[in-house]
Amino acid sequence: MDREITHSQAVNEAIAEEMRRDSTVILLGEDVAEAGTPFKVLSGLVEEFGTERVIDTPIAEPGFMGIAVGAAMTGMRPIVDIMFGDFLFLIMDQLCNQAAKTHYMSGGKLNVPLVVRTNLGATRRSAAQHSQSLHALVAHIPGLKVALPATPYEAKGLLKTAIRDDNPVVIFEDKLSYQMKGNVPEEEYLIEFGQANLLREGNDVTLIGTSSMVQTCVAASDLLAEEGMSAEVMDPRTIVPLDERAILESVRKTSRAVVVDEGHQNYGITAEIAARISEKAFYHLDAPIIRLGAMDVPVPFSPALEDLTVPTPELVAEKALSICRGELVHDA
Amino acid sequence: MDREITHSQAVNEAIAEEMRRDSTVILLGEDVAEAGTPFKVLSGLVEEFGTERVIDTPIAEPGFMGIAVGAAMTGMRPIVDIMFGDFLFLIMDQLCNQAAKTHYMSGGKLNVPLVVRTNLGATRRSAAQHSQSLHALVAHIPGLKVALPATPYEAKGLLKTAIRDDNPVVIFEDKLSYQMKGNVPEEEYLIEFGQANLLREGNDVTLIGTSSMVQTCVAASDLLAEEGMSAEVMDPRTIVPLDERAILESVRKTSRAVVVDEGHQNYGITAEIAARISEKAFYHLDAPIIRLGAMDVPVPFSPALEDLTVPTPELVAEKALSICRGELVHDA
Amino acid sequence: MTKSVRKNTEQYLHLYKQMVRIRTFEENANQLYLNAKMPGLTHMYIGQEAVAVGICEALDSTDRITSTHRGHGHCLAKGAEFKQMFCELLGKAEGYCRGKGGSMHIADQDNGNLGANAIVGGSMGIATGAALSAKLLGTKTVAVCFFGDGATAQGLWYEVMNMAALWQLPVIYACENNGYSEYTPTSEIAAGSLKARAEAFGIESHKVDGQDVLAVHALTQGLVNRLRNGEGPFFIELETYRYHGHHVGDINRSYYRTKDEETAWQKDRDPITNFGRWLEEQDIASSEELSEIISGIHAEAEEAVQYAIDAPYPNHDEVDTHVFAGVKHALPYISGDSNGS
Amino acid sequence: MTKSVRKNTEQYLHLYKQMVRIRTFEENANQLYLNAKMPGLTHMYIGQEAVAVGICEALDSTDRITSTHRGHGHCLAKGAEFKQMFCELLGKAEGYCRGKGGSMHIADQDNGNLGANAIVGGSMGIATGAALSAKLLGTKTVAVCFFGDGATAQGLWYEVMNMAALWQLPVIYACENNGYSEYTPTSEIAAGSLKARAEAFGIESHKVDGQDVLAVHALTQGLVNRLRNGEGPFFIELETYRYHGHHVGDINRSYYRTKDEETAWQKDRDPITNFGRWLEEQDIASSEELSEIISGIHAEAEEAVQYAIDAPYPNHDEVDTHVFAGVKHALPYISGDSNGS
Ligand SMILES: Cc1ncc(C[n+]2csc(CCOP(=O)(O)OP(=O)(O)O)c2C)c(N)n1
Ligand SMILES: Cc1ncc(C[n+]2csc(CCOP(=O)(O)OP(=O)(O)O)c2C)c(N)n1
Ligand SMILES: [Mg+2]
Ligand SMILES: [Mg+2]
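Line by line, the protein sequences give chains L, Z, C and Y. So the first sequence is numbered by my numbering: it starts at 8 and just counts up by one. So the second sequence is numbered by my numbering: it starts at 8 and just counts up by one. So the third sequence is numbered by my numbering: it starts at 1245 and just counts up by one. So the fourth sequence is numbered by my numbering: it starts at 1245 and just counts up by one.
Since the hints were derived computationally from the structure, they do not count as laboratory data. From the three backbone atoms N, C-alpha and C, an ideal C-beta is built for every residue, glycine too. Be aware that one or more of the hints could be misleading.
To be verified - Straight-line Cα separation of at most 30 Å, DSS-like style, residue types lysine-lysine; simulated pairs:
1) Lys1281(C) x Lys1327(C)
2) Lys116(L) x Lys1384(Y)
3) Lys1451(C) x Lys116(Z)
4) Lys1572(Y) x Lys1327(Y)
5) Lys116(L) x Lys1451(Y)
6) Lys47(L) x Lys1281(C)
7) Lys1451(Y) x Lys1439(C)
8) Lys116(L) x Lys1281(Y)
9) Lys1281(Y) x Lys47(Z)
10) Lys188(L) x Lys1281(C)
11) Lys47(Z) x Lys1572(Y)
12) Lys1451(C) x Lys1439(Y)
13) Lys188(Z) x Lys1503(Y)
14) Lys1572(C) x Lys116(Z)
15) Lys1261(C) x Lys116(Z)
16) Lys116(L) x Lys1261(Y)
17) Lys116(Z) x Lys1384(C)
18) Lys1572(Y) x Lys116(L)
What the hints assert, rightly or not - Chain C residues, not near chain Y, derived (Cβ > 10 Å throughout):
19) Asn1279
20) Glu1338
21) Gln1353
22) Leu1458
23) Gln1510
24) Glu1524
Between the sequences and the hints, there should be enough to build the whole structure, so can you do that?
Structure representation (structure tokens):
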């Protein structure tokens, strides 16, 4: 049976269920216990599972990430809480040089089953060091899986899958959506990695959005409908692995695509997705693929500027419309 | 007058000249002084400039990177030596949260004129933590410039420009090329950022290669010539800024492109370049753009495996040939 | 009233004013938040005023400081003005950082403030680097690195202390121990002794009552003089307390600290009340004079707040300026337009 | 010959054998490099044998260690075999890591070796995490983190010491102080006292002669027993010396250390020579018996080297296996082929 719960509750349920199921699942991070994180996402867990499994750490991200790697190699399944995605920069060595490579470097003998739970998203007036969407960085590193839930349903299902995965998984939640509600079944479910979700069917253009940009694409498709255009909306859900087949199938049908992501555009997620489509659906394309990422500037504090840096439904619709109408021709 | 010197000598000369010219230029890193780095690139500098300006640090990359940021904000022009590109993961916070954003966050009041000198490149039998090519990570972060010299001439000219730049610049040298010789003028010169270099003119396909892959593309163009194909070879030299105009011009002429880079392919440099071409030269393309990055696996130690992970001239030529012949059709 | 006290009257009053300025600024900032006039969140410095003021009054404007997420106090103590600060907090173009930084990145280069920092511990290298510059350039200036007790958990501190000690850099590591790291008593997440951690690197270390502005100032003045003579680095642990929540939104705090504890600090150890009382006791100022100082500052703040509310936001075309020094607009620049124009 | 010595004869001989095994392995590895039979570079452990052996002999195979770029000694001391090790060094499929790791990443999970690490200090968190697992799972096992004097500069160490101390984890931080960080005397790049740095976190710390295998072993055995009883963590600084260069290619060392210094350590403080002499003095073994041990090990090594030279490389299709546990081939997998097949 379906019910409406928030993204935050969905995350909390996922962790609670997995901690009940598997006693090796532990949680590590700053203020994860009594405080339940600054976002209050983890409230109640320490009461149920105790401070041995819900562990408040010092403000030492590299340190507790390293400890999680070691714990994962020796029988635990740690969930590491990185309070803001921006702090990923602090754990890159432990995440990318150690966790990501251990299974390979050991010829398959050592596993590192851990989850890094963190977030992304701007427009919270938190300025340049608390607003970044850094998933492109980890997606580039072999050995890491990367999940980007866009709804409470996905937040729960992807996180449960991540916790059960025998590899390091980085999961980015959209910090602006913690209070967003959505349907989440009472019954247990998992969402397999590498399976895109088709939210809307359409014929004129495919809008591919990740995380926070999924709703932006849905809203854009509404705007497009008003203009008589039917847009297909696709959410890849995980970017490593990426459901290339589903994306190509859609674009081969619509012949046009707009790729939208909240990470910086330059050398970001939209580039990979656009490049794959351009290569592998080349003969089906009727127009250049449009990419919309966050503006390539540090996130400004001022609301007057910050709002300019993130793609909006209007912008997505406008770009989609222009390719549908054959207007966007850089090189004619 | 031209002479032949090694890549390593070119770097050494660039630093020595700039240190002579500007007393605020200093060098920081592990074993940069007496040892002149493990690659011996910096030999002799401490003798000329003393231990006040050529500073051996403890093995504390985040720490001396942070110190360099502060020194740069207050009047110095530090060159930070990161012994292996793989250790960039350790300095990401100081580089990307601090150095890259300070000018912006301060509304233009503070500058961070520093250079991070590091390297890239596999096939040195150094395994997964000493062989990575991580330039895509820094290229994604607004506020950083990223240079990829491919010859001794570029190594010197780009490094001198980097040292004079008022912003943080990350420059990646190909560690396998330190002993490679090339023409370098006696006279002083700089190479402007954002100016691609056209190495070969051709009509059938554009090969765009970065750093270590420039020579691979040149060799591939020789192979293609044997098959009667004329390839244009282009070296962007800097990936931030990227000389989009030159790249598009070439591809609009040849109608085909292969993009080759030694970073991992997935979410890497080749994606951005391919996506830009696909978007902005869309109506000129006769074939899908081929991307060749390093294989998306941690770099294996075994020579039998490692050599499979890096694009070779044969592979580049083969792919180029297949698009020239219209054979590579994923979606027909 | 001793002779030395008399001689220093002006300075004492200045210490007092500066502390009142900080508290007044913060009360207004909190009110802006409550009135939904300030974008985002901010971290109140109230309670810790004696630390910033005691230390910064021992510095020249050419000396450098680095600050934290709880940075308004440091910024004001180092000489910043209300107007540009409020403008920055509201994201206005006249702010110290043209609205691009906001509360957590406020910087005031002209007065030697290299900026607040939203990465806990993130400025430890920067302060140390500023000290390296001072040493290499021979400026005789010093650097002070402000950070919290929670920040001592960051490995960066140990890395830069090692280098500062080896290279004898003119830097003071000033740890404001307010007892809490966000919502956790730092005693639960810090083993051993903070002072011993610095001493292990051969760094001379001191502990001082951070609510006593004279004690903080005297200690700092002595250390700064020694830094200018080539000694250093030094570490100071300042015992202090934040009266408010971790940030303005942290209202229900009972799960991590008691109301009694909060009241006790405010009642017995308030740096402004106690210093005011001392000023009266020493006949340096009357209670009326102190009230006048306070109301003057209140009026100034009120005016600055209104100014900031009325001030314009930055123009849209500023969104991609200041990404790179020397480049007008970053967006065209990164795609190869060499002027970024 | 005392009673306790007699009782421990077997163990003493084992300590000796293990040290000889390490030295023999390293001499062969160096020769493989000189003969251009080994890909890449490697870091010789020769001179430091008493550290690895003294410590690892106090451990069970279920106890965990983490190792460094100079890791062959730790691997052997923890129970690894010559053949799989030489195979790994040559990048062969039968190596401990199927040739994917090589010298700098050699790991031997079955004997509790979680792997060498090419990031200086990179394993400090891993060892601490292994101790956390031991504590949470109640296994009564312990973890030993080997690292060099140079690695003490990495901030990570201070971060994890803090947590190990707070959570009373069963881990020993074992710092092999061989005096050098690559080509720099560590005294030039380390301020204060290493022991004091650990003690500042409330961690009981010891210093021991790393050339005296019995002293190292006795100290470690005592600490391990205490760890198993819930005490800990501990820090040990082991004074030792590497005879060879930083790596096999570091031949001309005169610019950073004198020949005299090298000779003195080798002549007076060689762990194997001195322990051998002691074994003879104590009548535990005759000089002939020791020679026999040595020649037996030499023969075993020779055979293992030849085995490794003849052994096959991994198949090409292994290049993208083991990227993800549970995924056969990573390349199809990352593009959405769910089996990666
Ligand atoms: C690297 C990093 N980790 C976590 C945070 C979130 N955070 C902000 S302030 C804070 C507590 C800092 O405590 P302390 O250093 O004692 O300073 P105080 O807030 O008490 O002034 C934390 C954990 C952060 N901003 N940066
Ligand atoms: C993070 C990092 N920085 C630098 C290096 C290069 N490096 C390899 S070994 C070494 C010296 C290590 O010294 P120490 O810890 O004393 O170990 P030793 O070599 O003496 O055994 C350095 C600097 C590295 N591998 N990792
Ligand atoms: Mg605090
Ligand atoms: Mg050493």
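Structure-based check of each hint:
| no. | hint | verdict |
| --- | --- | --- |
| 1 | Lys1281(C) x Lys1327(C) | holds, 15 Å |
| 2 | Lys116(L) x Lys1384(Y) | holds, 23 Å |
| 3 | Lys1451(C) x Lys116(Z) | violated, 35 Å |
| 4 | Lys1572(Y) x Lys1327(Y) | holds, 27 Å |
| 5 | Lys116(L) x Lys1451(Y) | violated, 35 Å |
| 6 | Lys47(L) x Lys1281(C) | holds, 24 Å |
| 7 | Lys1451(Y) x Lys1439(C) | holds, 22 Å |
| 8 | Lys116(L) x Lys1281(Y) | holds, 26 Å |
| 9 | Lys1281(Y) x Lys47(Z) | holds, 24 Å |
| 10 | Lys188(L) x Lys1281(C) | holds, 27 Å |
| 11 | Lys47(Z) x Lys1572(Y) | violated, 41 Å |
| 12 | Lys1451(C) x Lys1439(Y) | holds, 22 Å |
| 13 | Lys188(Z) x Lys1503(Y) | violated, 35 Å |
| 14 | Lys1572(C) x Lys116(Z) | holds, 14 Å |
| 15 | Lys1261(C) x Lys116(Z) | holds, 28 Å |
| 16 | Lys116(L) x Lys1261(Y) | holds, 28 Å |
| 17 | Lys116(Z) x Lys1384(C) | holds, 23 Å |
| 18 | Lys1572(Y) x Lys116(L) | holds, 14 Å |
| 19 | Asn1279 | holds, 40 Å |
| 20 | Glu1338 | holds, 39 Å |
| 21 | Gln1353 | holds, 28 Å |
| 22 | Leu1458 | holds, 30 Å |
| 23 | Gln1510 | holds, 30 Å |
| 24 | Glu1524 | holds, 42 Å |
Hint check: violations occur at hints 3, 5, 11 and 13; the rest are consistent with the structure.
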